[in-house]
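Undergrad: On the provided structure of chain A, position chain B as indicated by the hints.
So you can see what is in the structure, the chains are spelled out below.
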Amino acid sequence: MSAPNPFENSAPVKLDELYQEVILDHNRKPRHFGKLDDATAYAHGVNPLCGDDFEVYLVLDAGGTVRKVAFQGQGCAISKASASLMTDAVEGRTVKEVSDLKDHFIHLLIDATASPEHREGVGKLKFFEGVKNFPVRVKCATLAWRALEEALKGGKTGPVSTEDDAERKRELS
Amino acid sequence: MKAVPAFDIAKVRADFPILSARMNGRPLVYLDNAATAQKPLAVIERMDRFLRTEYANVHRGIYTFSQEATRECERVRGLVARFLNAADPSEIIFVRGATEAINLVAASYGRKALKTGDEIVVTEIEHHSNIVPWQRLCEEKGLVLKVAPVNDRGELDLEAFGRLLSARTYLVAVTQVSNALGSVLPVEEITKLAHHAGAAVLVDGAQGAPHLPTDVRALDCDFYCFSGHKVYGPTGVGVLYGKRRLLDAMDPYQSGGDMIESVSFERTTYAKPPAKFEAGTPAFVEIIGLGAAIEYLQGIGFDAIREREDELLKIATERLSKIKGLRIIGTAAEKASLVSFVLDGVHPHDVGTVLNEEGIAVRAGHHCAQPTMKRFGVPATTRASFAFYNAPEEIEVLAHGIEKVFGIFR
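For the record, the sequence lines run as chains A and B.
To get the numbering used here, take the position in the first sequence, counting from 1, and add 195.
To get the numbering used here, take the position in the second sequence, counting from 1, and add 31.
Here chain B stands alone, though its shape is the one from the complex:
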């Protein structure tokens, strides 16, 4: 048993300048962490310092600043590789975010490897970004998209999933954590079953990477992706992990500078991964910011993050369950720290508007997961999603805000 280091909440909150801000005259209660996480000073200051004193383009320069910027970017690639326990830094491709990562796999892997009649399996609770790229690929290539169901708690029906797999299944694309419900999916078992059927596996870690320690080699997934801004880093940068032998066989994604080996009008040859998939100047300031974010998270430690967020989830679930007329959507045994709920007779948008006036930031809507909403028979939900820097007192403010909503609408 590893000891969990003590968690100094006041110190951690002081690392995030925005947490002392006010919204609509009230202290900001930021409970929209599943949409995007706030930034610690470590990230803000690292990017600021790089822009002020170190900035130069990567890869091409013969001069010191460019060489140092390149070295720093590649250091972050190594850091990300260790963060995910990838076998080699060349398996880490910098993209704009999880959405681009999935589109990259659909375009560069799916388009080449899949043939008419092949099947792709997703789950019923995917984000639109892990549905629509596959639908488009299916239309283009004449593939079949199959959907694995979840039970009423929002847990994947692993048996039903297993029954969908066949010799025709070539790809399984699943989320690690549902953004709308919080369910943690058994991605290790999913991968085993999928590999047994001979299918490759993509795990969408957009909601997983911020909360769970992720070991892509233990999972044995073929692709894994996450977004920088959800792991307390900047927007505009994300990561695609892919097994090297798959990346080697894949076609390039976008084409242009940096992704080539040599270019002539007769014949162009492509660079090896990761450069093959990184055409053009990368978002290197953001990559460097992402590195600072990962180092910050490693400083806190995922054991401490997990313990803290589990506690917040437990407090929130217990407190909100006490409110008459409130129903929690998504009650999986294993959940990340978010609570999606509906209120009798009040639409989530009205909930969001009233909570906003209380300084509370939550998300209200379908969370880009309309099939999930349909599965649970609701048009939308209100979602409070927590980060390790949230305080139990903020859950109390949320509960009072919800009571105010009922005050207006009853």
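The shape of chain A in the complex, shown without the other chains:
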């Protein structure tokens, strides 16, 4: 006469939707990995719950276009691949374009009702949509973007934390 187990019949989550080849590849060989000595914008992002830690460097030209971008730090496959794909995606874009991309990406991950516009708007970053099925891992995917957001705002003195996400979610709902 055991009570029903609420998790027993939950749909098995597919690991291969999370760990897609593109993500594994960027985890193994992160692009733009390192530091930029001539950075004009910088921010440091941490996830205080798990200790993931990334620094993001940007060189912006006078017209507000990202000329160079780099990141360094440590974290899980999802956070590292997300940072790597982010650097690929933002290089050569204007601050406005980067900001729109970031919004689309974060909506895709944390908003259950993400529209096709969000999905289409993120290009290769759509590979992270599987993260939505692993709620505890969403912050891994958004960490580098939070740091980027802070860098574009001019940076703050302390590191930006993924714990700001909870606030953000409330704003969305």
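Just so you know, the hints here were simulated from the structure itself, not pulled from any lab data.
All values reported here derive from a predicted model rather than from experimental measurement.
One thing to keep in mind: the hints can contain errors.
[Claimed, not checked] Footprint (simulated), chain A over chain B, 3 or more residues, beta carbon under 8 Å:
#1 380-386
#2 404-412
[What the hints assert, rightly or not] The calculated SDA-like cross-link candidates involving lysine to any residue, where the alpha carbons are at most 25 Å apart (straight line), are:
#3 Lys223/B with Ala280/B
#4 Lys224/A with Arg441/B
#5 Lys321/A with Leu210/A
#6 Lys224/A with Gly376/B
#7 Lys355/B with Leu210/A
#8 Lys319/A with Asp248/A
#9 Lys146/B with Glu170/B
#10 Lys172/B with Ala198/B
#11 Lys177/B with Lys405/B
#12 Lys230/A with Gly408/B
#13 Lys209/A with Leu59/B
#14 Lys230/A with Val409/B
#15 Lys355/B with Asp220/A
#16 Lys435/B with Tyr214/A
#17 Lys321/A with Gly438/B
#18 Lys435/B with Leu219/A
#19 Lys348/A with His313/A
#20 Lys209/A with Gly438/B
#21 Lys209/A with Glu427/B
#22 Lys263/A with Ala234/A
#23 Lys345/B with Thr67/B
#24 Lys209/A with Asn55/B
#25 Lys209/A with Gly56/B
#26 Lys327/A with Pro243/A
#27 Lys274/B with Glu103/B
#28 Lys345/B with Pro244/B
#29 Lys319/A with Ala309/A
[Claimed, not checked] Calculated Cβ distances over 10 Å to all of chain A for the following chain B residues:
#30 Val89
#31 Ala144
#32 Phe437
Think of the CB as a built atom: it goes at the ideal place given N, C-alpha and C, for glycine as much as any other residue.
TA: Showing chain B alone in chain A's frame:
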């Protein structure tokens, strides 16, 4: 030599209803016992019965139910006193958990007894809960926090610890067992050295009490604490043991009802220990649950628990060591039954996610011991921690899960 009673694993597992549960379609393999232990029926049913048929507030009642609830709570206090071999039940203070116990000592003992320039010694492998309260006290009072190192196996360097002690050392706060590495610390020697230097000693038994028989008078420590939920009892209750003469001299912790002797607007006098430190209605349902947990553990016996858990540790260490690309962090000669490890090229969070899909519950992260992680040069580890109810077959499931992780990430 005391004979160790035979250990009937099937019978013991049947005592824990959750062990027959499934997670993500697989039989639950619960290897996160250092975070919290599962509950035996003895605890669940005792609390259920108390809530259904015996519930009334403690201490104040003139009626039978309240008197009986009070008697039951105080019986558990006596049980805990015997569990720790304390000299008197008044040395047992019920708190929310080990964290609150340490904060209580920092606030009520540290704030009063320590003066500017005094030194507190901790070890490099403490849980944040045995670091941060002391850091805050140091900031507040202008004290100095000193950190005793461990060697590459995760064993305390007792000589280096001894060298940190001086006439300025007033308090030593050490863990009995490292939650991140499993190292068992030589708390008896630590206490001797600290007392020789004239320092009081707090032992954080959060990871020790579930695994080792603890005798606070043999240890001679001044304070000892543990959490109820880690000794198979409920959450929200824990224990602080303190020597009576220290408790008598300490200031109250929180203030309010139950901790007073008499109150007037001119002058309030405080109750004697333990009531002095137990303001407000205590978590008495949980205290009663904790009593059932301790009686359950005593029924199994620490000799049997120790033998069983040592065996699981040996099997796990041998099996996991065979996996290429896996490195065990923390290889102390004396260890509690947990294995912390890292995998080449795979972050512990990814390990945890893949193992979850196999029905395996482990912890991945810094285990609230970031200085320990830094000492061993890793950002985080995956930790499998065992209880006497775990089976060798579960270690095999874990090993297969780890091989699956490598399958994905190679």
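Undergrad: Hint by hint, say whether it matches the structure.
TA: Taking the hints in turn, this is what the structure says about them:
1. 380-386: Coverage by chain A holds for the segment 380-386 of chain B (4 residues, Cβ < 8 Å).
2. 404-412: As far as the segment 404-412 of chain B goes, the hint holds, because 3 residues have Cβ atoms under 8 Å from chain A.
3. Lys223/B with Ala280/B: The hint holds at about 22 Å.
4. Lys224/A with Arg441/B: holds (13 Å)
5. Lys321/A with Leu210/A: Holds, because 16 Å separates the two Cα atoms, which is no more than 25 Å.
6. Lys224/A with Gly376/B: holds (11 Å)
7. Lys355/B with Leu210/A: Judged against 25 Å, a Cα distance of about 23 Å means the pair holds.
8. Lys319/A with Asp248/A: holds (23 Å)
9. Lys146/B with Glu170/B: holds (12 Å)
10. Lys172/B with Ala198/B: holds (18 Å)
11. Lys177/B with Lys405/B: Cα-Cα ~17 Å, so holds.
12. Lys230/A with Gly408/B: Holds. Lysine 230/A to glycine 408/B sits at ~21 Å (cutoff 25 Å).
13. Lys209/A with Leu59/B: holds (18 Å)
14. Lys230/A with Val409/B: Answer holds: lysine 230/A to valine 409/B is near 21 Å, not above 25 Å.
15. Lys355/B with Asp220/A: Answer holds: lysine 355/B to aspartate 220/A is near 22 Å, not above 25 Å.
16. Lys435/B with Tyr214/A: holds (13 Å)
17. Lys321/A with Gly438/B: Distance ~24 Å between lysine 321/A and glycine 438/B Cα, so the pair holds.
18. Lys435/B with Leu219/A: Between lysine 435/B and leucine 219/A the Cα gap is close to 15 Å, so the pair holds against 25 Å.
19. Lys348/A with His313/A: At roughly 22 Å apart (the allowed maximum being 25 Å), histidine 313/A and lysine 348/A satisfy the hint.
20. Lys209/A with Gly438/B: holds (15 Å)
21. Lys209/A with Glu427/B: holds (23 Å)
22. Lys263/A with Ala234/A: The hint holds at about 8 Å.
23. Lys345/B with Thr67/B: Holds - the C-alpha atoms of threonine 67/B and lysine 345/B are around 22 Å apart, at most 25 Å.
24. Lys209/A with Asn55/B: Holds. Lysine 209/A to asparagine 55/B sits at ~11 Å (cutoff 25 Å).
25. Lys209/A with Gly56/B: holds (12 Å)
26. Lys327/A with Pro243/A: Roughly 20 Å between the alpha carbons, so the hint for lysine 327/A and proline 243/A holds.
27. Lys274/B with Glu103/B: The given pair, whose Cα atoms are some 23 Å apart, holds under the 25 Å limit.
28. Lys345/B with Pro244/B: holds (20 Å)
29. Lys319/A with Ala309/A: holds (16 Å)
30. Val89: For valine 89/B, whose nearest Cβ neighbour in chain A is about 30 Å away, the distance exceeds 10 Å, so it holds.
31. Ala144: holds (33 Å)
32. Phe437: The assertion about phenylalanine 437/B holds, with a minimum of 12 Å to chain A.
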